[in-house]
Each structure stands twice: as C-alpha cells, then as structure tokens.
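Q: The residues making up each chain are set out below.
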Amino acid sequence: MDIPYTYHERRDTGLTNGKIGIWLFLASEVMLFGALFASYILIRTGAPSWPRGDTVLDVYLATFNTIVLITSSVTMVMAWASLMRRKFGTFRIYMGATILLGAVFLVVKYFEYSHHFAIGEGPSHSNFLAVYYTLTGLHMLHVFGGMVVNAYFWGPGSKLYQTNPVWFTNRVEHSGLFWHFVDLVWIFLFPTLYLL
Amino acid sequence: MSSDHGATSDHADHAGHDPADIDRHVKVYITVFVALMILTVVTVAISRFHLSVPIAVTVALFVAIVKGSLVAGYFMHLVSEKKLILAVLALTVAFFIVLLALPILTHENGFWIPEVVVDQPHTGAEHK
Amino acid sequence: MSHPTGVDQTKPHAAHEVHHEELGFWRKYVFSTDHKVIGIQYSVTGLLFLLFGFTLMMIMRWNLAYPGVPLPLIGGLFGDARMPGGTMLPEFYNELGAMHGTIMVFLGVVPLAVGGFGNFVLPLQIGAPDMAFPKINMASYWCLVLGGLTMLGSFFVPGGAAQSGWTSYAPLSVIAGTGQTWWLVGMIFLITSSLLGALNFLTTTIQLRAKGLTFMRFPFFVWSQFVTSFLLLLAFPPLEAAGVMQLMDRVAGTSFFMPSGLVVSGQVLTNAGGGNAVLWQHLFWFLAHPEVYVLILPAFGIVAEIIANNTRKPLWGYRAMVYSLVFLGFMSFIVWAHHMFMTGMGTAMAAFFQTTTMIISIPSVVILTSLLLSLWGGSIRFNTPMLFATAFLPMFGIGGLTGLPLGLNISDIPLHDTYYVIAHFHYVVAPGTIFGLMAGIYYWYPKATGRRMNETLGKIHFAGTLVCMNVVFMPMFIVGLAGVSRRLFDAGSGYDFAQGTMHWNVVSSWGAWIMALFQIPFIFNFFYSIWNGEKVGANPWDATTIEWAAPSPPPHGNFATPPQAYRGPYEYSVPGAAKDFTPQHEAS
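From first to last, the protein sequence lines stand for chains A, B and C.
Per my numbering, residue 1 is the first one in the first sequence, and the count goes up by one each step.
Per my numbering, residue 1 is the first one in the second sequence, and the count goes up by one each step.
Per my numbering, residue 1 is the first one in the third sequence, and the count goes up by one each step.
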C-alpha cells in the first residue's frame, strides 16, 4: 500500500511526511546538544579555574575545520538546488564535494585527537578535556552519520532519481537539513570550546 | 481522498521553485556563504583580544547566533518554511532555553558546602 | 500524464493491488512494517516485561515482609553471590529494585501504552492505512528488543545488573559494577526506540488523518498519544546525553558527575574531580518528570474512549480536556526539580518549582473531573473494560492527591525518599495507568483478534486486582509517614522508629503475592480467547470512532476505501437518531 504525502504535500499543512519527520528529529537533536551545553555551563561555572580554549586547543586547525564545514553546507544546498534544476550530473559533483569535505573535517579531528592523546591529554586529564572530547566526539558521530547517508544518496540511492525525481530531491533536501544542522552545532561548538 | 490531486508534473511540485527561483536562491546561498566566512574570521579575530570572560562569551554568542541564524534561515530554508515547522521549532527553542537556564539558576541559588580537597598521605597519587 | 512511480495515487485500490505480493512468514510476522503487527509485538513484549518486573518485586517483598528469613522453595536458585543460604543480600535487593523500576517503566508500561496501543489504534482511529514511516516503525520496535535484551543480559555480568536505583544517581552509579554500564547502553537503545516512535506518531497524526478529521474532532485517545509523543521527542534526548556522560565517567575516567576528593572504601579516587553529582539529577529528572506524564496520558486516552462508549454519551468537557492536555504537556517540562528539593536548593528556585508543580495539578484535575462528570446521566454498561476504566478514576485520584504534599517543598522534607513516595507513584502507575491499559486490552482485543475475551474471567481479574492493589499500596502511606525510607532491603527492621509499622510490610507482601494469582485468569483468558473467544464483527461495542469501521482484525492497509470524518468522535445518543450512536465516519 502507498502512504500518502510521501512526496506530494498535503494541502492544509503544505508539507510532506519526510519534511515534518526530519524537522522533528532535528528538534530532538537540539535537546540532545542542549543538555551537553547545559552541562558545560554547570561544570565550568563550578570549577575553581578553567583554561581559555586557545591555551589547550589548536585554534587555527579548528578555524580551518569551521571553514571546511561551512563550505560543505554550501555544496550540500547546491546539490539540492541542482536536483531542483534537474541537473543530476551537477548534483553528483556537489554531493561528492560535500562528502569529501566531511571526510576532511574528520581527518583534521583525527590529527587533533591523536596529538592530544600523544601528550597524555585524554578525557580523564581534566574536565575541560572531558567536555571537549564528549562534545566534539558526539558531533563527529553526527558528521560521520551524515556522510553515510549522503554517500547512500550519491551512490546506490540515486537510482530513485530515475523513477521518482521529486521524491529523490526531497530526500536529498532532508539529508541536507541534517547536514546543515551538524554545521549549525559546530558554529556554536567552535567558539565555545576553542575561543572562550 | 488521502492523496494530493493532479500534481503529477515534475515542475509544478514545488510551488515557487521554477528555474528562475532557484537562480535567486543560489545567489542568496553564495551571499550567505561569504557572510559566514567573514563572521568566522571576525569571531576568531575578536578572541585574540582576550576580553574578560563575560564580555567574550556575550560577543562570541552573539556572532554564533548570527551565523547560526543565517544557516538555519537560508540554507535550511526556515525563512520560507511553513508555520507548523516554525511552531515546533519555537517550542523546542523554549525548552532548550529552560534546559540551559534552570540548572545553573538552581545551582547559583543553592547552599553549597565549599569543596574540600582531602590530602591522603598514603596514596601518593596526584589528582589533577 | 503518468505518475512517476507508475502508480496512480488517487486510486488506493489500484495501489494496493499493484503492490500486493504475498510476504513470507518472517516479513509478515517478525520483521513486519504493518503498524498492527508492530503494535501487537510491542504489546506482547510489554506484557512479558511487566510480568518479569512484577516477579522481581515479588522476590523483593519476601525480604521486606520477613527480613533475614531464607526464601522458601526457590531461595537456592539465586546462588551464593546473591542469596547465600537463601537469605537476601542487600546488593541483590538493590539489583532487584533498580531493575524492577527500570523494567516496569521503560520495558513494560511505555512499550505497551505507547508502542502497543499507540501503534495499533492510532492509525485506525484517524482513518490512515498505516504509520507515515513504516520501516522506521519496525526499526523502533527492534531497538526496544535490543534494549530489553541488554537489560536482561545485565543480570548475568559479574557483579550483577544495575543496582543504583532506576534513577542511577551519581556518584554511586559511576563507581558501581559492570551492570550499570549495560544499563546505560540499554537505555540508549530504548531512548532511540522512543525517539523514532515519537516522530512517527506525530507525523502520522498531522499528515495521515482522514478527510474531515480536524484536530478538534480527534478522539481524546489520539490527542493523548499526540502530546505524549511530544514529551518523548523533546524530553528523552537530555537523558541520552547524560547517559553518554555517565558512560564517559565510568569508562573513560572523566568527572562529569564526580566531585573532587571522593573517598571510596578508604581510598581517595584519582579522577579529575570537579564534577557535579546534581547535574546528573537535573538531566535525569528533565526526562523523568515528563516521563511520568508519558506513563499516564495514554491511560487517560484509553479511559476516555471507554467511558464515552459505555455511558452512551459524549465526553463532558472535551474541549477543556484537550486544552488541559496541551497545557499539561507544556508545564511538564518546567517542574522537574520537585524531585530535587533535598539537594541544597535555595528558597527562590524551590518556590519556582513548587509553584509550577501546583499549577500542573490543575489540568490533571480538569481531566479527571471531566471523566468523572462524563459518567453523570449515562446509561452505563459495566463490562470489564468499563470496570477497569471507572476504577481508574478514584485510584488515579488517590495517586494525584497524595502527590500534592510531595510537590510542596516544606511538606516534601519529611516525605522525600520514604514509602509515602512509593505509595504515591504506584497508585498513579499501578491501579492508575495499568488499569487503563488493562481496560484497553479488553476493549481493543476484539478489534485485533476478531474475538471477545471472556467476561467472567475478566471480572474476576478486575475485582481481585483492585482489592489487592489497595492492600499492597495503601499501608505504604502509613509506613512512609512514620518515616521509613525507601530502598531499604529489610524495610528498616533495624530502626526503632520503624518497629511500629513493620507489620504493614507483611500485609503489602501478601497483597502482592495474591495479586499475582489474580493475573492468572487474565493470562489464561488472553490466550484462550484467541481460539475460543466469542467471534465478533467490526463494531462489537457499538462505538463511534473510526477504528471500528475496519474489519476485525483489519487487513493490511486497514480500510477498503479511505474513511472520511463527518462529525465529532462521541456522537452517542443524538436526539432523533435511529441508533444510540452515530459513527464518526458514516455519512449522514
């Protein structure tokens, strides 16, 4: 049986099921990261001293990563815009770029983490680092998850474009919303951990 | 009937999203991208001044909110999104603020015994 | 112009025929994406876990009634690590207590109330062919199973299952044995299951409701599941975050919840310190308070349906009930620290939380009063669902009223963490919610199976359970007021002040063991009626809501033609109508 409003909007809400579904999921993610930020506030204000971010972490590496992620957000939305223009080839280029930039982000974080571990600065070293690893670690899991979904739509999932381009475009849009959210979280994480 | 009527053509499926519209959107995306790059440089530059923590936090938060709003508004299309989605997000933001504010307010209003670090001569282990 | 998928969406019949392939056994009954199959899977799983959690409690109650006395017959089964010579160790009691709470709440009530009833009834009641995301629905069930297996598996690890209370307060939970890590991992599975389910329910309710079914024409059950889903969606993630942080504390040596200078068994801990144990409580209760509304709201919904149906009258004050439900859902996010009055909170914040807590009691009272008033002037049919639904009202009333002194800071001081609290919350959940769920099972069983459950067995089940519930929990108010703490493995037998109330523990224990016997007619009835129950048609209760338009049991896709709503949900005894009920989906 076909579920209605999978790729046609329902008239009174003006929305498809997937659009509502992804935004509800993102709402829950806001609360997830919110709890971590609330914890950060409580632990930092309760601490006798707290290092300024740039004294422990590499600001330049993280600034580079910020630029990488923001750029990947642009390529993501351009991938969707390409589909709206029914330009499948351009979509693949932009989507591929998005995945690649995500990989760059992860590689940089790998270097950041391994540098700290090499000098004995693991999560148990201090509360600053505990918060840093937990927040960026969870964020990284989301980056990786987003990349997996994007890779699916770049690869095997793109078959749907042949039979139902509207639905495929919508699904890419929803995946894009998740990717933008991941970028959004980083926009707050970056100054919080590295600059303050 | 449970399904939409008539809209079986590819191009009519997204109202207001014909090719000219997309071009306009793309211009916006590029503009937002440039703004985000500038704001990123700004926030890093300001951090070099090592302002006092309350001021640094306020400024950094303000810039982050501007950047975040651009991503949410334009990349995530919230500026043109339906009321239902905006309502759900407004509710979420309200609870997000509650989650951020109430624990710290409760802590500040509390009666806390100051932390006493116990020196145990026999362990020889440092706690950092 | 042909449709991109080759299927014309304006003709559901055609769509059904094109996509109808016969599924094998595994895809039809095990890995099904049909909301009805998933609903039954959730329900059976939930009922099994309720039984298991009940059994854990029955073992606990032995040591509470007869502290230090070896458990007869089965005492030897638990081994020397837990019951040397058949006498219970405090650690084992703690294991039983923590897992009883966890299992009843997260593996019993929520899967049955939300996963079971929500999945099975909701799409039918709104006239939908299925949930908006059938595959995500299936995933959410299997996440529950993984979580349940993790929780069950935790009993077999060295040191046993979690034993720091279902609340897992730090720092005790952080230094506890391996079972606690399993608890945290299990919770992550369960939370994921609920989040996926919540977004499915919300999307389905908004998008797949029948033509003419506006929000204010929803059956109250639909509203209750709708608000419940919002609570699950927005309140669970902070506990997931907290769970991750506690895992980091336990496994990676961080100190999110570990204060400095902790001394355990004479040894100073070498972690970084500087953490905040109360932070765990904030994050836990941020979820756990809305969670208690997750536990009660579906029961409100079920009871409302059954009362309207068996009084042959519309619900009294439907609009007020709906507004109350929404207001309650919103308020539930800003009351949580009434569970934390004893954590050193200042008077300003205590005043804030007690005020919001008092305010939240108002919508509860409106809903309960409306349900009570709905009985007035009705032609009441006292079938088994109605018996459970009506008994729910005073039972929930007792539970709700006894919550008031707990919600006020000053009166909470002597009552916090005593048996009074246990009595209060069990009244709302046990003769409260579970009665609502039982009512729902008897009521919707014919829709799911095409057969009625036996009424005589149902009435025996009801009467015995009602009496036993009160025998178990009423004395606990007395014990709590005497000052006896909860979570004591021997019910405080070593304390002078507890001596005067120790005998009540014997009463409660026997009430519990006898209650177990009264579940046997229900379990027998449940299975026996599948093959031998009286066969029924689509609408055996002469009900008005849309689920009764589908055959019993409904086929895949539910309705031959999508139904349409023409009126409100409770048009019973409409003056001038031919029958004493006018179904919502029937054109005039």
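These are calculated hints, taken from the structure and not from any lab test.
Nothing here was measured: the structure is a model prediction, and the numbers come from that model.
Treat the hints with caution; some may be incorrect.
Said to hold, decoys possible - Here are the simulated DSBU-like cross-link-like pairs (lysine-lysine), alpha carbons at most 35 Å apart as the crow flies:
hint : chain 1 : residue 1 : chain 2 : residue 2
1    : B       : Lys83     : C       : Lys211
2    : B       : Lys82     : A       : Lys87
3    : B       : Lys82     : B       : Lys27
4    : A       : Lys109    : C       : Lys135
5    : B       : Lys27     : A       : Lys87
6    : C       : Lys459    : C       : Lys535
Q: All hints, please: hold or fail.
A: Hint check results:
1. Lys83(B) - Lys211(C): With a Cα-Cα distance of about 21 Å, the restraint between Lys83(B) and Lys211(C) holds, given a limit of 35 Å.
2. Lys82(B) - Lys87(A): holds (26 Å)
3. Lys82(B) - Lys27(B): holds (22 Å)
4. Lys109(A) - Lys135(C): Holds, at roughly 34 Å.
5. Lys27(B) - Lys87(A): Within the cut-off at roughly 17 Å; holds.
6. Lys459(C) - Lys535(C): holds (19 Å)
Hint violations for this structure: none, all hints satisfied.
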